[in-house]
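Chains A and B are the protein sequences, given in the same order.
Each residue of the first sequence is one higher than the last, beginning at 100 in the working numbering.
Each residue of the second sequence is one higher than the last, beginning at 100 in the working numbering.
The set of hints was computed from the structure by calculation and includes no laboratory data.
There could be a bad hint or two in this list.
Any copy, or any two copies together, can satisfy a pair, since identical chains are not distinguished.
To be verified - BS3-like cross-link-like pairs, simulated, lysine-lysine; straight-line CA separation at most 30 Å:
no.: 1; residue 1: K349; residue 2: K146
no.: 2; residue 1: K234; residue 2: K350
no.: 3; residue 1: K248; residue 2: K234
no.: 4; residue 1: K248; residue 2: K129
no.: 5; residue 1: K350; residue 2: K134
no.: 6; residue 1: K134; residue 2: K146
no.: 7; residue 1: K148; residue 2: K350
no.: 8; residue 1: K350; residue 2: K146
no.: 9; residue 1: K129; residue 2: K350
no.: 10; residue 1: K148; residue 2: K349
no.: 11; residue 1: K134; residue 2: K349
no.: 12; residue 1: K129; residue 2: K349
no.: 13; residue 1: K129; residue 2: K148
Protein chains: 2
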Amino acid sequence: MSTIAENEWPRQITVLGVGLLGGSVALSLKRARPKIRIHGLARNAAKGKYLMDNGLVDFSTGTVGEACQNSDVVVVASPVDRIAELVVSAAEHSPDHCLITDVGSTKQQIVAGVGSDSGVSRKFVPAHPIAGSEKSGPEHATSSLFDGKRVVLTPAENTPPEQLQKAHAFWQLTGGQTCEMTPSEHDTHLAAISHMPHLVAALVAKITPTEALPLAGSGWRDITRVAAGDPTLWAAICSENREAIENELKKTADELERLRQLMRDANDADLHRWLAEAKEIKIHSA
Amino acid sequence: MSTIAENEWPRQITVLGVGLLGGSVALSLKRARPKIRIHGLARNAAKGKYLMDNGLVDFSTGTVGEACQNSDVVVVASPVDRIAELVVSAAEHSPDHCLITDVGSTKQQIVAGVGSDSGVSRKFVPAHPIAGSEKSGPEHATSSLFDGKRVVLTPAENTPPEQLQKAHAFWQLTGGQTCEMTPSEHDTHLAAISHMPHLVAALVAKITPTEALPLAGSGWRDITRVAAGDPTLWAAICSENREAIENELKKTADELERLRQLMRDANDADLHRWLAEAKEIKIHSA
């Protein structure tokens, strides 16, 4: 960053995995840096052509080495269970000054998978932009997906300050608001605020009787919206953050048992208090 | 209906309980019948003045008798636990030809509470418009709340055909799409598609740790939206439809135990199938 003007950085970035998130990173960077050059990794020529024809990338290739050559930043935006290997590969094929970051919804397993090799950990600043949709694929990518959204960075103790500073600058260019925490804090919080709620929403959809569906109102539709998400992505998240999610599901089961007891006791005052407490938390979150 | 032109009916309606739903009935009827006269029941003069100043009603009173006098239709839009008594009182104070209907989210207890007195049951056609919001109060009422929304009518075997026909006509004037089922079918379906999901959404909000709230994304916000609903209204719904809701909460607990077992087994293929089944139901509902 020292040799080029701040408003010229990054001149070239690489997106490994140009789906909803990777595509939105590309579009938001083009918005902030109109002259930027964007390389994308595509698993076949047809997908690569689609990405170029639709202005998501300027250059598409099937090999990580070619994709990462000369890039200032590499963003790994694959499903979580492939992120670590792509980070290691990107570190090998990118210039010394390159920042590598990712979009994974889990962090501890990725950090563990990347390992402590200094050549990799010197370049990599893990990130999780809290943005997304039940939709997936580059056709849903938008330049505004990250605007005003929280982006959690989970640097290691030995992350070079300059790389961490670049990671903040990069994610702010997407429109995001960066913050820092440890991978473990991240995974615990996300299990509670995202992963468990996702599974509960899917559960509600799963046990809804077909006969009742025509009576679905806006409540059911909103509660179950995320259940339309990609099962492959979510099975991978569950696998990567298993322990924290299991803890949250236990809390869910315990609270459900308390609720059932309130119903069995026909204790309307206590049920009212229970609902009021839930409302309190909901309202304070707004 | 026989003595007046169809497009002049109803000439006057009464709304007992002018909140979000009752106010929206009033506004939608004014949209369909600009010359209509609307009477409202308000618990005090200040509320009555608010309703008149804001064009929700043309006349406001604190007594059911005065409110129902000369009305063609009386809509009872109070919390569910007060509906039955208001229906009985409205039957007593309204003209012979009057249709009485309601907006209650539960039906069996209301029908039981109204009883089998022929003077009442001849006038009353229970209804539940599947429309609403986590917001409450007349300030959120809109003329379009019922547009395209399902309105479930639960007539009794001895409901006079002319009254049932009027109930269809009335709810269609609000913009709703009417259908018929038994009170028991209604309550079973609604426990599954509305009441249990509401409680589960509140549960997710209730157990969310404060520290995780800053990381809430659109998923958590949608899943928990209804948790901001009025605890008094929902405690009453739970009390009125206790048995059906208890059944649904048992199904929820059983499915949650299955999910926890999938997580404990680290059986990713089965977890993927579980998520895919949830997605299937969600997508088919759209």
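Practice problem: Starting from the hint list further up, note which numbers the structure goes against and sort them upward. | Solution: 1, 5, 7, 8, 9, 10, 11, 12
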